[in-house]
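K.L.:
Sequence:
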Amino acid sequence: MAAIAVLVLAGCSSPAPTHNTSAASPSPASTATIATNTWAAPGSVVVTALPLGDGHLSTTTASVGTLFACQAGDPNGPGAPVVGPWIHGSTWNLSEKVVVQGDVMWPTAKFTVNANGSQRVITTNDQPVGFGTGTFPIAANDPAAKYDRNPNAISSSQSITITVPTTPKASASPNCLNGGAIGVLLNGVLLYNAVDAQGRDAVAHEEQDLCQGHPQQQGQYHYHEVPTCLRDNATGSSTVVGWANDGYPIVVERDAAGNLPNNADLDACHGRTSPVSIDGAVTTTFHYDATLEFPYTIGCFHGTSTVRSGP
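Numbering (this note's numbering), first residue to last: 83 to 393.
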C-alpha cells in the first residue's frame, strides 16, 4: 500500500478538543452562521465567463489571483491535448464543459480527522466519502475522450496520513505550492494546486468527473478546486470543507445572497482572516477561501513550510 506522510513545521500553542470524522457520516462539514459577509463586487463572476488562469503562475512572487508555485509548468508535460470549445480566449464557460461519464460509488472509503492537543491527524484512503466518481480510465466512447484521454485508473490501495498543527503559525513570507497534494477536503479526497503539469488552468483544461475530480499517473484521485459536490452543500456564511498542509482551514464563505468571494476580497494566498467554526468553537483565524476564480482555493502557503514524503 502506498503511504504519504506530511509533517508541518509550525509552532503550536493551546490544545484543541478531540474531533472524529468518519466515513459513516457523509456530511462534508458543519455550518456555523457567525457573520454577514460583504464582498467587493458580489456576483460579478459567473460560470459562463470564468477568467482563465493560464499565464497566472509565478515561481518568484505571490500576488492576488496568481498561483505561487515551486516549479514552472513543463510545456511538454501531460495534460489535455485538445483545447475544449468551452474555452473562449481569456475566459471559459463551466456550463459548456464536457464531464467524464460514470457515477462510481466507493463503499470502502475511509476518512478520519482527530484533533488532539497540538496536532490534527487526518487519515484517508483517498476515496470520496458519500460521493461518486467518474469512470476512469476515460473510455474511448466517452465524449470527454475527444479532449482529454486520461488513461489513469483510481487507486484502491492507498493509505494516507496527514498531520498538521491545530494552531498553525503564519510564515514571515508566503511559501510556494508544491506539486501533488497541498491539502485534503472533508470527503477524504486530496486537493492539488490549480494547474496541470504544463502550468495551465487545470480546472478549465483537464477533463474531470461530476464532482470535478480525476486520477493522476499513480492513481491518486484529486481535485484542483473545492468541487461543486462540497461547495453546493456549504450554504451558510462560513463552512470549513478541508485543511491545507500548513494547518489552516479551507472554507466556503458566502454573503447574504449566497455569493462566494472574488479574488479582490482575498490576499495573495487566496485567503483572509475572519471568524470560522473549528472544533466546535468560533475562532478568528486566517483561512483559505473557495472561489470561482483561479487559483480557486490556495494561491500560496500562508503558514510555515511543509515537508512531504511519499508519491
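Don't take every hint at face value.
To be verified - Here are the computed distance ranges between Cβ atoms for each label pair:
id: 1; residue 1: Gly125; residue 2: Glu178; range: 27 to 37 Å
id: 2; residue 1: Asn223; residue 2: Pro357; range: 27 to 37 Å
id: 3; residue 1: Ala339; residue 2: Pro233; range: 16 to 26 Å
id: 4; residue 1: Ala221; residue 2: Glu178; range: 35 to 45 Å
id: 5; residue 1: Pro233; residue 2: Pro357; range: 41 to 51 Å
id: 6; residue 1: Gly171; residue 2: Ser145; range: 17 to 27 Å
id: 7; residue 1: Pro233; residue 2: Val128; range: 44 to 54 Å
id: 8; residue 1: Pro189; residue 2: Ser140; range: 40 to 50 Å
No lab work stands behind these hints: they were computed from the structure.
Built from N, CA and C at the ideal position, the CB exists for glycine as well.
K.L.:
State for each hint whether it applies.
P.N.:
Hint check:
Separated by about 20 Å at the C-beta atoms, Gly125 and Glu178 break the suggested range of 27 to 37 Å. Judged by the Cβ atoms, the range 27 to 37 Å given for Asn223 and Pro357 is violated: they are separated by roughly 50 Å. Between Ala339 and Pro233, the C-beta spacing of about 42 Å breaks the proposed range 16 to 26 Å. The hinted range of 35 to 45 Å is not satisfied by Ala221 and Glu178, whose Cβ atoms lie roughly 21 Å apart.
The beta-carbon spacing between Pro233 and Pro357, approximately 45 Å, falls within the hinted interval of 41 to 51 Å. Checked against the hint of 17 to 27 Å, the pair Gly171 and Ser145 passes, with Cβ atoms roughly 22 Å apart. Look at Pro233 against Val128: about 34 Å separates their beta carbons, and that is not inside 44 to 54 Å. Roughly 42 Å separates the CB atoms of Pro189 and Ser140, a value that falls within the hinted 40 to 50 Å.
Taken one by one, the earlier hints fail for this structure at numbers 1, 2, 3, 4 and 7, listed in ascending order.
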